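J.: Letter by letter, the chains look like this.
2 protein chains.
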Amino acid sequence: MNIPSKYLENAVDQLASLPGIGRRTSLRLALHLLKKTETEIDDFSKAFVDLKHKIKFCGNCGNISDDELCFVCLNVNRDHKTICVVEDVRDVMAIESTGSYKGIYHVLGGLISPMDGMGPQDLNIESLIEKVSKGLTNEIIFALSPTMEGDTTNFYLFKKLQSYSPYITALSRGVAVGSELQYADELTLSRSIQQRQEFKMG
Amino acid sequence: MNIPSKYLENAVDQLASLPGIGRRTSLRLALHLLKKTETEIDDFSKAFVDLKHKIKFCGNCGNISDDELCFVCLNVNRDHKTICVVEDVRDVMAIESTGSYKGIYHVLGGLISPMDGMGPQDLNIESLIEKVSKGLTNEIIFALSPTMEGDTTNFYLFKKLQSYSPYITALSRGVAVGSELQYADELTLSRSIQQRQEFKMG
Numbered sequence: 244m245n246i247p248s249k250y251l252e253n254a255v256d257q258l259a260s261l262p263g264i265g266r267r268t269s270l271r272l273a274l275h276l277l278k279k280t281e282t283e284i285d286d287f288s289k290a291f292v293d294l295k296h297k298i299k300f301c302g303n304c305g306n307i308s309d310d311e312l313c314f315v316c317l318n319v320n321r322d323h324k325t326i327c328v329v330e331d332v333r334d335v336m337a338i339e340s341t342g343s344y345k346g347i348y349h350v351l352g353g354l355i356s357p358m359d360g361m362g363p364q365d366l367n368i369e370s371l372i373e374k375v376s377k378g379l380t381n382e383i384i385f386a387l388s389p390t391m392e393g394d395t396t397n398f399y400l401f402k403k404l405q406s407y408s409p410y411i412t413a414l415s416r417g418v419a420v421g422s423e424l425q426y427a428d429e430l431t432l433s434r435s436i437q438q439r440q441e442f443k444m445g
Numbered sequence: 244m245n246i247p248s249k250y251l252e253n254a255v256d257q258l259a260s261l262p263g264i265g266r267r268t269s270l271r272l273a274l275h276l277l278k279k280t281e282t283e284i285d286d287f288s289k290a291f292v293d294l295k296h297k298i299k300f301c302g303n304c305g306n307i308s309d310d311e312l313c314f315v316c317l318n319v320n321r322d323h324k325t326i327c328v329v330e331d332v333r334d335v336m337a338i339e340s341t342g343s344y345k346g347i348y349h350v351l352g353g354l355i356s357p358m359d360g361m362g363p364q365d366l367n368i369e370s371l372i373e374k375v376s377k378g379l380t381n382e383i384i385f386a387l388s389p390t391m392e393g394d395t396t397n398f399y400l401f402k403k404l405q406s407y408s409p410y411i412t413a414l415s416r417g418v419a420v421g422s423e424l425q426y427a428d429e430l431t432l433s434r435s436i437q438q439r440q441e442f443k444m445g
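Respectively, the protein sequence lines represent chains A and B.
Quick note on numbering: the first sequence equals residues 244 to 445 in my numbering.
Quick note on numbering: the second sequence equals residues 244 to 445 in my numbering.
You can trust all of the hints, since none of them are fake.
Identical copies go unnamed one by one, so any copy, or any two together, can satisfy a pair.
List of simulated lysine-lysine pairs, PhoX-like, C-alpha gap at most 20 Å:
id	residue 1	residue 2
1	297	249
2	377	402
3	403	324
4	278	297
5	279	289
6	289	278
7	299	278
8	249	299
9	279	299
10	324	377
11	297	279
12	249	279
13	324	374
14	289	299
15	345	324
What the hints contain is simulated information worked out from the structure, not anything from laboratory work.
Please read all numbers here as calculations on a predicted model, not as lab measurements.
The following block holds chain A by itself, in its conformation from the complex:
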């Protein structure tokens, strides 16, 4: 693709550096941006400078925040003795949107994945151990993805945390609500049979 301007080429390269965006798409996006007004483009660019320079990470849990502590950790009505361990900020948003969790979070910033060169030292694990070692935690909920990497991380965390003897739980695994049973994969179906629960109305 012979792009007739080095400025356009640079914008295309920058957009194509984003995950899941190829050069053809990024050319389309760059030409779309070119049609915006100067003010719109300045706002567009400034959003990313602000994103990097002004955003903070909560000093307690690692969640994204505009202040030193995030809105969850600042909320005195939340149960600060229950910690939900998640992979990243999007998981916090997903759990918050259910409205069914009243504790606080701990954001690891990734999962242990030797294939991708991610070890425990690359994650926000030390601060979790330090927090739990104070003995003020009643329950730790592992809410990591049900994948190989999630399970590896769960196992590592369990080994590190069990000596402080908190109550450690994990999200239940089973058939998804609203899915059709015949399409559930064998592993999930088999696990949901083994871990069957007493039926309750409502």
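Based on the hints, put chain B in the right spot on chain A.
T.: Here is chain B on its own, set in the frame of chain A:
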């Protein structure tokens, strides 16, 4: 989606304003950008400011350029008496990449589309008529997309240009090279039968 930072929310909004990018994808992209270094982010942002403020449009054909004239119009070895009319800059790139066209271009900047509120006055048509009216043009090639909007634009241009009696051609339409005949749509197949050409070896 309850985004815990107004800076993140703003970046997500800006990315989601791009065509084909939803809010979930733009959140993923914004969090990816957040992991880049400050220098990388500054380069990223600057690319779009430069795109808008430094890019020029060729004064002759409307192609994107870093100078007053684009690389095609500046090239004295190209046939300046043959003008290929295209919808946008990407079409110039597509035709240039074939290496089989030696004339110059005229970029309309869109197609006539009453449904989208695009009329002839919104397009770069006047300058084409002015150019052709000088009587220095041998051939005009309509290279617009074979769609309703493309055909409408072709028809409009033909009416406007025929009085200057240049030789007006259009890209041939028919079955795509490398495609399987049985999957060609009926309109294309029927047209390629009507417009069949004498068979030549090689």
